[in-house]
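Asker: First to last, the protein sequences are chains A and B.
Going by our numbering, the first sequence opens with residue -19, and the numbers climb by one from there.
Going by our numbering, the second sequence opens with residue 2, and the numbers climb by one from there.
Keep in mind the hints are simulated off the structure, nothing from the lab.
Please note: incorrect hints may appear among the correct ones.
Label pairs and their in silico Cβ distance ranges [as the list claims (entries may be wrong)]:
#, chain 1, residue 1, chain 2, residue 2, range
1, B, 161, A, 51, 21 to 31 Å
2, A, 350, B, 140, 34 to 44 Å
3, A, 350, B, 29, 33 to 43 Å
4, A, 336, B, 106, 47 to 57 Å
C-beta: ideal position from N, C-alpha, C; glycine also.
What follows is the residue order along each chain.
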Amino acid sequence: MSGEGSSHLLRRLLIVMAIAFAGMALRYAVYLFAYRDAEVGRYLETLCIWGCEWYSSIAEEGYDLTPRTQGYSVRANWAFFPLFPMSLAALKAVSGLPLLVTGFLLSNAYVIAAAVAARPLFGDASRAYWLFVVTLLAGPFAFLFSTLYSEGLFILLTILVLVALRRGSYLGAGAMAALLSATRPTGVLIVFAILAQVVIDHRRNGGSWRALVPRIITDPKVMVAFVVAPLGLFAYMAYLYMHVGDALAFSHIQSGWGRALDSPFTHLGDVFDRELTVDYHTMVQYSWAWAAITGLILSVVLVLQRRAAAGLFCALCITVSLVTGIGSMMRFIAGLTPLGIAVASIAGRWRATTVLLALLAIASGLALTLGRLNGSMLVM
Amino acid sequence: MATGVVAVLVMIATPRVSDDYRAFFLDRTTQCWPRNASGSIELGHEVSFRRDDEDAGARNVLECGWNSPIDNGTWSKGPEARLKFKVPAEGARLEMTLRPFVTEQHPQQRFQIWAGKWQLSRIVLMDDSLRQQSVNIPDLAVENGEVVLSLRFEDSTSPREQGLGNDRRDYAVQLEALTLQPVENE
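Work out the full structure, taking the sequences as your base and the hints as a guide.
Answerer: So this is what it looks like as structure tokens:
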């Protein structure tokens, strides 16, 4: 890399870090305002609810041998994929820091790296890029990167796959996809994004539909990418088979969270068919349902923006998640960073909309942080 | 790649799990996963299964197959529910206050009460009012001072199936209260 490239990268890193620190400071200020308590440890503990507790259990004790009863539900930590808690445990072992502090540092490091790495996905649209960075690091879901959740890692790896595909590096995309498939259950769906990009590249280079399959199977880099991409998932399945006796334990245990297989339309219909009442649980369910619909619309927007691989990945992730219910849909949408790229790319065309969206994102970030500190289910 | 895919398919097709795990997670023939409840309740003392009374003893006996308590009791979940009791060696008598899930199209709830290999009773409930039901727990059913009663529902159904909303969970009976009476109180 030339010296000029290095200085650009360093400048970008420093600005991204400054935005990240500003976001962290704002969210901590919300805690100070709400709790009148300056204890950082208690701040991190208050943020660590829902899935954070499960990731903690994996990092500290490993995966469950048998399910546990939580109240009247039957659950185990198998539903939470291993790459993030493994990296958490490794950093904790090396640093000796408490788990929540380790998670805070690691999650933020992942998302800062994601913000830096995403620049090539915006081409010449510098304003859109910086709007994306602000919404990612100080926006409505940024509090997830201050606690033990896999979203930061999932976002980083998604961006690395998309950047590799943009550069025509199928091997690089396959390698990152392997890690992505070990991060969340839907991570393996990135293999369809790789396939979509292979098709697009083939057609862009003048290839015919008839020549597509021969082109794929005779290109060793493409074939290796497809072989490598699901390895993270396969490795986890092999581990569960040896540890628990059930390679699909991560899927079977989903029933403990009330998830059941059915058509996405049925799950959405279950929400909209019920009477709209102004009670907390109904509002949360409606929010989740609308988050899914908005995500699907933005997936189409991505395709129209000539980001078809990313759009396909997002649509598949949302649809597959909807097959088992709408629970946690807001958090799933938060992890699909190409959707944020789509929005930033539109709003970033004009200075006024850029400023407006940035301010809205920061304001909603503060509001959702406060909600989280009070145990809000909206982004559980 | 083919080898890897075959290996994964073989693992999926050949789970090595316990009978409880297989029935609960794979075959889905039960929604009963044992909680290892203590079974400890005071003999002759009524235990309520309403939400506000949850800590008064209900948790000690609800072994599996039950939903979370609500205002007027605790509904069963799925085709089987279990209650666990610490019982004197000579046995006991269980008195339950139950309400069945019935509709015009689904007018009865039939269920059997088993203790291990012993069928203790078969009950038929026909309307949705609260009913008192009693069952004797013989000494033969008591093992190591404990008995696990299995309520096996022949007619559990969901509100969705009955056209009463979107709730897909299978219900059979709602338990409002129970009392475990010692044998000498008969």
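Asker: Would you mind marking each hint as holding or not holding in the structure?
Answerer: Hints, verified against the model:
Checked against the hint of 21 to 31 Å, the C-beta distance between residue 161(B) and residue 51(A) comes to roughly 23 Å, which is consistent with it. Between residue 350(A) and residue 140(B) the beta carbon distance is about 60 Å. The supplied range of 34 to 44 Å is therefore violated. With their beta carbons about 41 Å apart, residue 350(A) and residue 29(B) fall inside the hinted range of 33 to 43 Å. Taking the beta carbon of each, residue 336(A) and residue 106(B) are about 55 Å apart, inside 47 to 57 Å as hinted.
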